[in-house]
Amino acid sequence: METQLLIFAFFALCGAGILLSLTTPGSRRGNVMVLLGCLAATALILAGANALLAGDTFSQPLWSLPGLATLTLKVDPLSAVFLFVSGLVLFPASIFAGGELNRESWRSNGCAFTVLMFGLYASIVLVFIAGDAVLFLLAWEVMSILCWLLILWGGDLENDRVGAGYLLLAMGEAGTLAAALGFLVLGVNAGSLDFTAMKSNVAGLGAGVRWTVFLLSFFGFGVKAGLVPVNFWLPRAYTVAPCAFVPVLAGATLNLGLYGILRVNADLLPATQAGPGLVALVVGTISALLGILYATTNNDLKTMLAHSSIENVGIIVAGFGAGMVFVATNHPALAAIAFVAALYHLINHSLYKTLLFLGVGAVENQTGTRDMDKLGGLIKWMPLTALCFLVGTLSIAALPPFNGFVSEWLTLQTMLRSVELSSTGTKIIFALCGSGLALTAALAVTCFTKVFAMSFLGMRRLDKEQKVTEAKSDTLAPMAILAALCLAFGVLPTYVIPVLGSALNPLAGGSAADALVPPFFAANPAHNTLPPAFADDFHNLGAQVGQDVLPGRGLVVMHRGGTENPVVFAMSTSYMLVALIVLLLLTWIIIRLWLTRSLKLTRCERWDGGVRKLLPEMTYTATGFSNPVRVIFDAVFRPTTVEDTRETVAEHFRAAIRREKERVHPVDKLVFHPIKSAALWFAGLLAKMHHGRFNAYAAYALLTLLIVLVVFLLFQSP
Amino acid sequence: MNLTELKEQIKHRWPDARCEVDAASSTCEVNCSRAALPELCGRLFLGWNFSFASLIVEEGASEWQLRYCFYGDREAGWVHVLATAPLAEKTFPSIVKFVHAADWHEREAEDLFGLLFEGHPRLGDFILHDDAWQENVEPMRRHFDAQAAMLHRKPDADWRPRRIVQEAGAFVMPVGPKFSGVTESVHFLLETVGEDVIRSTPRLFYKWRAIEKLAEGKTADEVLLVAERFAATTAFAHGLAYCQAVERICGAKIPARAKILRVFLAELERLRQHAGAIQEICESTALVVANSQAGILEEDLLRISGELTGHRYLFGLLALGGLLCDLPNDACRRALEKSQHTLKQLNELEKRLRVSSSFLDRLEEVGIVAHQNAMAYGLLGPIARASGLVRDLRKAQPYLGYENIEFDVPSEQEGDGYARLRILFAEAKQSVRIMEQAVAVLQKGGVRQPLLLRAGAALGWVEAPRGGTFHWVRLNESGRIARYRVVTPSFANWHGFHLSVEKFAFQDFPIMLSTFDLSVAENDR
Amino acid sequence: MSQWVITGLRTGIKTTVYPRGAERAPGVTPGLPCGGAFDAAPGKVLVDCCPTHVFSQINGTVSADTRRCIHCYRCVRGIEHPAGWEQTYEWATVRSPSESPNEFIPAFKRSIHICVVDAGDCGACLNEVKQLNNPYYNMHRLGFFITPSPRHADVLLVVGPVTDHMRVALKKTYDAMPTPKRVVAVGACALTGGVFSESFVCAKGVADVLPVDVEVPGNPPPPLAILHGLLLAVGRKPPASLVSTSSEMETNAANL
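Residue numbers (my numbering), protein chains in the order written: chain A, 40 to 757; chain B, 132 to 656; chain C, 3 to 258.
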């Protein structure tokens with residue numbers, strides 16, 4: 040089917056969803072969400088796949104707005120990737136949202152929620168397929184407002200939620216403003232707000248203008264993406280967003296910001312200097328570090344995942360920045376690899392973050408709490424949820440054979456390839472950022488070990504009265520789908536990379552697949568950059584082993600050096616999976632079925648030092664697990680003591696020790712609080728005008744009228 | 132001030148109290164009302180600088196008799212404050228607000244006798260663990276039926292550890308009772324938020340053998356065996372304290388030779404125990420060569436003890452009225468020479484440890500016990516001296532002729548682990564100095580004067596290697612034990628142990644434990 | 003830090019020749035009483051003087067159940083006809099198979115891991131166990147290692163008369179050990195309850211709670227006796243009989 044048709048079908052289904060949700064009774068609304076949402080997502084997936092694989096892109100002008108621009112729809116390979124990913128995320132998210140709607144508490148708000156959701160789906164896709172700045176910004180605004188409304192809907196309006204919603208909206212508008220200004224500059228230069236026109240007229244732009252556009256679009260779209268220093272709305276919004284909405288928020292809308300950055304800085308305005316790329320690299324690394332530090336030391340599951348999103352976005356942006364530097368310094372192949380790594384990480388992040396948020400939703404529904412200090416031992420009552428959550432945890436911790444490993448590996452390898460740059464300063468920055476990213480990866484393992492262990496393993500810390508059962512199939516099914524996708528994207532990288540390459544190669548100028556996918560693994564043999572002797576070695580190594588038995592083999596190769604002495608960084612996740620399964624089976628067979636076949640396996644109590652009864656309060660809490668990180672990175676956290684009292688009775692008996700420390704996020708302290716105080720101060724100034732006296736207001740109106748008349752007279756052309 | 136002045140002061144403030152001064156034993160017995168107890172004891176402890184030794188609870192035929200024993204320096208002597216109440220009334224005012232050192236004594240009395248101390252905020256779950264025993268088990272009462280108590284066990288299934296730290300994410304880390312390699316059984320509940328110990332609560336009495344109950348009704352000689360063997364690393368000191376108590380009751384005169392030999396053996400035990408404590412400290416800091424060197428020295432001293440007396444821990448030497456057997460002079464001299472040689476090696480070990488910076492890093496400024504805390508908690512022995520609290524029973528209330536022996540009592544001010552280590556080395560030197568003087572004045576003569584047991588009660592005290600130990604013995608007419616009350620130095624020092632580990636990291640915990648040289652067997656009895 | 007290396011080297015080898023040979027240094031063992039031929043009256047005095055009833059008299063021979071000896075020396079000091087005394091240390095005995103069902107496999111002959119539990123001991127037995135790690139005895143050379151966790155242990159070494167509060171902990175430790183495992187009870191308290199056997203919170207030895215395989219009498223048994231017990235437990239020394247006979251009667255004259 041043609042892409043155009045599929046896109047139209049998608050919008051039609053969204054429209055049908057809105058209509059049906061207004062007309063169906065409350066009990067069926069969930070099913071509407073599930074059915075139509077899944078159909079819409081399928082349409083999206085097919086559209087994206089069609090555009091990518093079959094190359095079926097289109098550009099369709101719609102209406103022409105006089106004085107502004109012609110609204111155009113354009114699907115090119117880059118947007119196709121994003122469409123595909125969004126479809127992949129919206130499918131399970133719809134099932135989960137539908138399931139949530141069927142629960143008691145949602146009956147009253149369900150109608151508004153479903154309408155808003157379908158509206159959001161439509162606006163997200165519209166952003167991706169917008170071919171000119173006006174449609175883009177229109178869709179973007181609609182999307183922002185719908186996000187804000189969705190955060191407010193679904194439950195009671197606590198202060199937190201309202202505050203977080205306003206912050207989301209305010210920051211969103213500020214970011215939109217900046218991005219719009221960026222588009223305007225490009226548009227003024229090109230004389231039209233159409234993307235194709237902008238792209239073809241960039242040649243003459245000076246360095247200053249390029250920097251302006253970069254900074255405006257980077258930090259403008261960076262608000263939505265979640266980059267330091269404009270991301271302080273993100274943790275707050277993610278924490279208060281209703282369970283049914285958060286997966287879409289994290290898995291789909293986050294990508295919009297990244298799409299914006301990519302679209303402007305890779306497509307419309309390719310980099311000619313290393314500067315902007317380095318800024319992106321550094322900002323990305325700092326975001327990643329701060330994000331993971333705060334994720335590791337946070338105990339609320341949703342807030343922790345929000346900070347982890349910031350971390351992942353940081354990695355993506357860092358990879359993207361590296362790509363920009365390579366484009367600017369004329370290393371097209373490396374640029375392609377970097378872009379592929381960034382986009383791969385984006386896909387992976389969408390998948391596993393959605394999976395994790397679904398898991399958190401399941402936990403919160405079953406136990407009523409998100410505090411890791413109060414959870415524990417859930418694997419006994421929720422084994423399937425735990426299994427899917429484990430897959431998500433392993434993926435985000437970048438462990439093979441799951442997808443996080445591939446993108447993390449590619450990103451770090453790209454950093455290492457910075458040795459091929461000529462400027463020493465750039466190389467130093469790359470080295471520092473590379474080590475920062477490596478530290479991030481290590482902290483991510485700590486963080487997610489803590490998450491899984493404290494929530495699902497160990498002793499149960501919940502009240503005895505709380506009944507915990509396995510999550511329903513409307514939660515398990517989407518989690519299973521996403522888990523399978525995580526495994527698939529991890530084990531079949533050599534199928535994914537050429538597809539991503541086809542979208543990104545035009546932006547980078549080189550071919551990623553040539554360096555990453557060996558010619559005998561479904562890549563174009565004509566583009567082989569590996570020396571033939573080397574390729575033969577691979578053959579002899581047995582890279583072709585099981586080619587008939589194993590339908591999907593994957594080997595990612597990064598090659599460096601000349602034909603005489605090639606240096607290769609290679610890894611194959613599909614072989615890893617095979618080896619893992621074989622080794623596990625072999626271990627089981629040898630040890631259990633042969634060596635210890637005569638020994639009896641007994642299950643007994645855990646060893647607890649001989650105490651009479653091990654109580655839940657005697658087990659490590661999440662705070663305790665992550666305390667070493669708090670202590671080591673004290674300089675970042677800068678805790679201030681709020682309370683440190685020691686209560687004594689009868690002179691010497693310590694009755695209570697109360698300690699409380701406050702840790703203000705550096706971004707909050709350096710950016711948010713100053714802006715807030717400045718805004719309040721300014722509002723205070725303005726308030727002097729609002730004294731309520733009618734005469735003064737009339738005077739204001741008169742004054743404004745006079746100024747307008749004067750201006751009109753002055754600028755009236757004779 | 133001396134006892135007469137003290138009597139005046141007491142009569143002035145508490146006219147109802149009856150004071151009797153016994154100049155021979157330099158003891159002042161003060162009979163006061165229950166209401167006056169806290170103030171009077173507080174005055175003695177805080178105002179007149181007396182140390183708190185023991186709270187002895189005795190169930191008489193018709194009344195309770197509580198005896199609070201205080202001691203001061205040489206001219207001050209002993210003050211026993213007595214309070215009585217009819218058996219039906221079991222409430223006494225608590226003195227812990229003023230005498231914090233009496234905290235555990237009152238808790239023990241509540242657990243074992245069922246007495247209620249008003250004003251004590253922490254009674255219960257002390258010796259009789261709440262998750263092992265039902266309420267109202269009073270094992271030390273005369274009418275206690277052990278079989279019935281064991282049959283109707285109803286432990287508290289909902290027992291929870293007391294939580295003092297109120298911080299988000301705080302938890303209670305359990306250590307023990309079986310932990311580490313070769314350690315005594317004790318259960319720690321460490322309240323923490325992950326990196327450092329905010330509050331440490333030891334749960335002791337896993338090794339409670341109820342020797343005070345066991346001793347009742349036995350002959351004096353049988354109980355001597357128990358006194359030696361309940362805390363056998365300092366067996367001689369405890370046996371000696373018990374013998375002194377019984378000998379004091381019977382007004383016995385010990386032969387001079389027996390006295391000197393007792394001094395010699397007590398100091399030999401102190402030297403050996405200190406070498407063992409030094410070995411523990413080196414082992415806890417994982418300074419392997421020093422650990423081996425100290426281990427060699429401890430084994431050497433054990434062999435010296437074994438060669439001299441036949442038993443490595445000096446069992447079977449003490450007898451009521453002297454010693455069970457004589458030790459030949461040349462054997463004593465040989466033992467002294469070997470001890471001097473061992474001391475020389477100990478001094479060399481000290482010299483080397485003083486320049487091992489990685490070792491000192493673990494001990495210096497770690498585990499500090501402040502002077503005022505040491506005083507308030509009534510800490511005893513080398514640890515108290517490391518915090519500047521110098522009151523050695525050999526100088527303050529001399530026995531066995533220590534007043535005629537020249538020796539110093541070392542003290543330090545810092546109160547950290549390193550100060551405690553330095554005290555151990557210094558006291559070892561002093562012990563050998565005393566042994567040299569003892570051997571020099573060995574006289575001829577017998578070593579035992581048979582005792583004529585008679586009814587009565589007395590306190591025996593000895594400066595054991597870990598600090599002062601106080602044994603109270605009451606004999607009935609047939610010469611059998613009616614009441615045996617033991618207060619050991621570890622009982623006081625375990626009380627104050629938590630002061631040294633709070634605010635320090637987990638890794639410092641075992642090291643501080645070793646510098647305190649605590650014995651769980653001594654504490655638990 | 004080189005001072006420690008030099009110190010260690012200069013100290014030389016202190017390790018005992020046991021078990022290859024007999025250790026004859028003075029003070030390594032307190033010895034144990036042994037029975038012998040006694041007339042009726044002195045025999046009765048001997049039997050009565052012992053507070054833990056070590057001796058029993060049958061037809062002119064007094065036999066000594068050394069498991070009960072608490073080293074009070076009342077049978078050799080201050081008594082007219084003292085008992086015989088053995089200055090040995092190889093006292094450990096293996097209980098008969100019907101009483102202890104644990105079977106050891108030959109692999110443990112060369113090396114074992116020992117878990118030590120203090121079930122109310124006075125401190126002396128534990129201190130002697132601690133001496134096993136000092137250079138004089140160095141049990142590592144014999145393949146004996148102490149492990150804090152019972153999950154890794156093969157032999158459970160128990161000291162103390164098993165107080166009431168330690169019952170659960172002791173049982174839990176035993177249950178946490180994987181089979182095959184052996185239990186070695188060390189010291190008079192662990193065998194018979196010692197002087198605490200009449201206390202209402204003490205059991206009469208470890209055998210009341212766990213199946214014991216090897217018993218090491220003494221109060222406390224010296225490190226060499228504990229080593230002998232461990233060697234018996236792994237089968238590197240042949241087991242001897244329970245009641246001692248007057249084989250080596252080296253009385254220590256200085257102590258009488």
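Treat the hints with care, since some could be wrong.
Capping the alpha-carbon separation at 20 Å, the derived lysine to aspartate or glutamate pairs in EDC-like fashion look like this [to be verified]: (1) K413/A x E479/B; (2) K634/B x E699/A; (3) K639/A x E200/C; (4) K173/C x D647/A; (5) K228/B x E699/A; (6) K206/C x E353/B; (7) K349/B x D50/C; (8) K16/C x E353/B; (9) K634/B x D683/A; (10) K228/B x D502/A; (11) K700/A x D327/B; (12) K349/B x D177/C; (13) K652/A x E479/B; (14) K206/C x E343/B; (15) K652/A x D327/B; (16) K206/C x D276/B; (17) K700/A x E633/B; (18) K344/B x D177/C; (19) K652/A x E353/B; (20) K652/A x E343/B; (21) K700/A x E353/B; (22) K634/B x D673/A; (23) K16/C x E326/B; (24) K634/B x E644/A; (25) K503/A x E343/B; (26) K173/C x D262/B; (27) K634/B x D647/A; (28) K173/C x E699/A; (29) K700/A x D276/B; (30) K503/A x D289/B; (31) K652/A x D261/B; (32) K652/A x D177/C; (33) K46/C x E326/B.
Which stretches of chain A does chain B cover? Using the computed rule of at least three CB atoms under 8 Å from a CB of chain B, they are [stated by the list, open to error]: (34) 497-506; (35) 544-550; (36) 647-653.
Don't read these hints as lab results, they were simulated from the structure. Using N, Cα and C, we set each Cβ at its ideal position, and we do this for glycine too.
Consistency of the hints with the structure:
Taken as a hint, the K413/A and E479/B pair is broken in the structure, with Cα atoms around 55 Å apart against an allowance of 20 Å. For the hint pairing K634/B with E699/A, the CA-to-CA distance comes to about 15 Å; that is within 20 Å, so the pair holds. A threshold of 20 Å between alpha carbons decides the hint, and for K639/A with E200/C the separation of about 41 Å lies outside it, so the pair is violated. Taking the CA atoms of K173/C and D647/A, the gap is near 12 Å; set against the 20 Å cutoff, the hint holds.
Pair hint K228/B plus E699/A does not hold up; C-alpha atoms about 29 Å apart against a cutoff of 20 Å. For the hint pairing K206/C with E353/B, the CA-to-CA distance comes to about 18 Å; that is within 20 Å, so the pair holds. Distance restraint check for K349/B and D50/C: the Cα-Cα separation of roughly 16 Å lies within the 20 Å cut-off, and the hinted pair is therefore satisfied. Of the supplied pair hints, the one linking K16/C and E353/B is violated, its CA atoms being roughly 39 Å apart against a limit of 20 Å.
Taken as a hint, the K634/B and D683/A pair is honoured in the structure, with Cα atoms around 13 Å apart against an allowance of 20 Å. Distance check on the hinted pair: K228/B and D502/A sit about 38 Å apart at the alpha-carbon level, beyond 20 Å; violated. With a C-alpha separation of about 15 Å, the suggested pairing of K700/A with D327/B holds against the 20 Å cut-off. For the proposed pair K349/B and D177/C, the alpha carbon gap of about 38 Å is over 20 Å, so the pair is violated.
Restraint check for K652/A and E479/B: the C-alpha separation of about 48 Å exceeds 20 Å, so the hint is violated. Of the pairs offered as hints, the one joining K206/C and E343/B holds, with about 18 Å between alpha carbons and a cut-off of 20 Å not exceeded. About 24 Å separates the Cα atoms of K652/A and D327/B, which puts this hinted pair outside 20 Å; it is violated. With a C-alpha separation of about 19 Å, the suggested pair K206/C and D276/B falls inside the 20 Å cut-off, and the hint holds.
Of the pairs offered as hints, the one joining K700/A and E633/B holds, with about 18 Å between alpha carbons and a cut-off of 20 Å not exceeded. Among the hinted pairs, K344/B with D177/C is inconsistent with the structure: their alpha-carbon atoms are about 32 Å apart, more than 20 Å. With a CA separation close to 38 Å, the supplied pair K652/A and E353/B exceeds the 20 Å bound. Between K652/A and E343/B the CA atoms are separated by roughly 29 Å; this puts the pair beyond 20 Å, and the hint is violated.
Restraint check for K700/A and E353/B: not satisfied, since their Cα atoms lie roughly 59 Å apart, outside the 20 Å limit. Under the criterion of a C-alpha separation no larger than 20 Å, the hint pairing K634/B with D673/A is consistent with the structure, at around 17 Å. Among the hinted pairs, K16/C with E326/B is inconsistent with the structure: their alpha-carbon atoms are about 41 Å apart, more than 20 Å. At most 20 Å may separate the alpha-carbon atoms for a hinted pair to count; K634/B and E644/A exceed this at roughly 33 Å.
At most 20 Å may separate the alpha-carbon atoms for a hinted pair to count; K503/A and E343/B exceed this at roughly 43 Å. Between K173/C and D262/B the alpha-carbon distance is near 17 Å, which keeps this suggested pair within the 20 Å criterion. A hinted pair counts as satisfied when its Cα atoms are at most 20 Å apart, and K634/B with D647/A does not qualify at roughly 25 Å. Proximity of K173/C to E699/A is assessed by CA-CA distance (about 41 Å); at most 20 Å being required, the pair is judged violated.
Restraint check for K700/A and D276/B: not satisfied, since their Cα atoms lie roughly 53 Å apart, outside the 20 Å limit. Distance check on the hinted pair: K503/A and D289/B sit about 13 Å apart at the alpha-carbon level, within 20 Å; holds. Restraint check for K652/A and D261/B: the C-alpha separation of about 12 Å stays at or below 20 Å, so the hint holds. Of the pairs offered as hints, the one joining K652/A and D177/C holds, with about 15 Å between alpha carbons and a cut-off of 20 Å not exceeded.
Of the pairs offered as hints, the one joining K46/C and E326/B is violated, with about 64 Å between alpha carbons and a cut-off of 20 Å exceeded. Beta-carbon proximity to chain B at under 8 Å applies to 0 residues in the segment 497-506 of chain A; the threshold of 3 is not reached and the given coverage is violated. Proximity of the segment 544-550 of chain A to chain B, defined as three or more residues with a beta carbon under 8 Å from a beta carbon of that chain, is not established by the 0 residues found. Only residues whose beta carbon comes within less than 8 Å of a beta carbon in chain B count, and the segment 647-653 of chain A has 7; three or more means the coverage holds.
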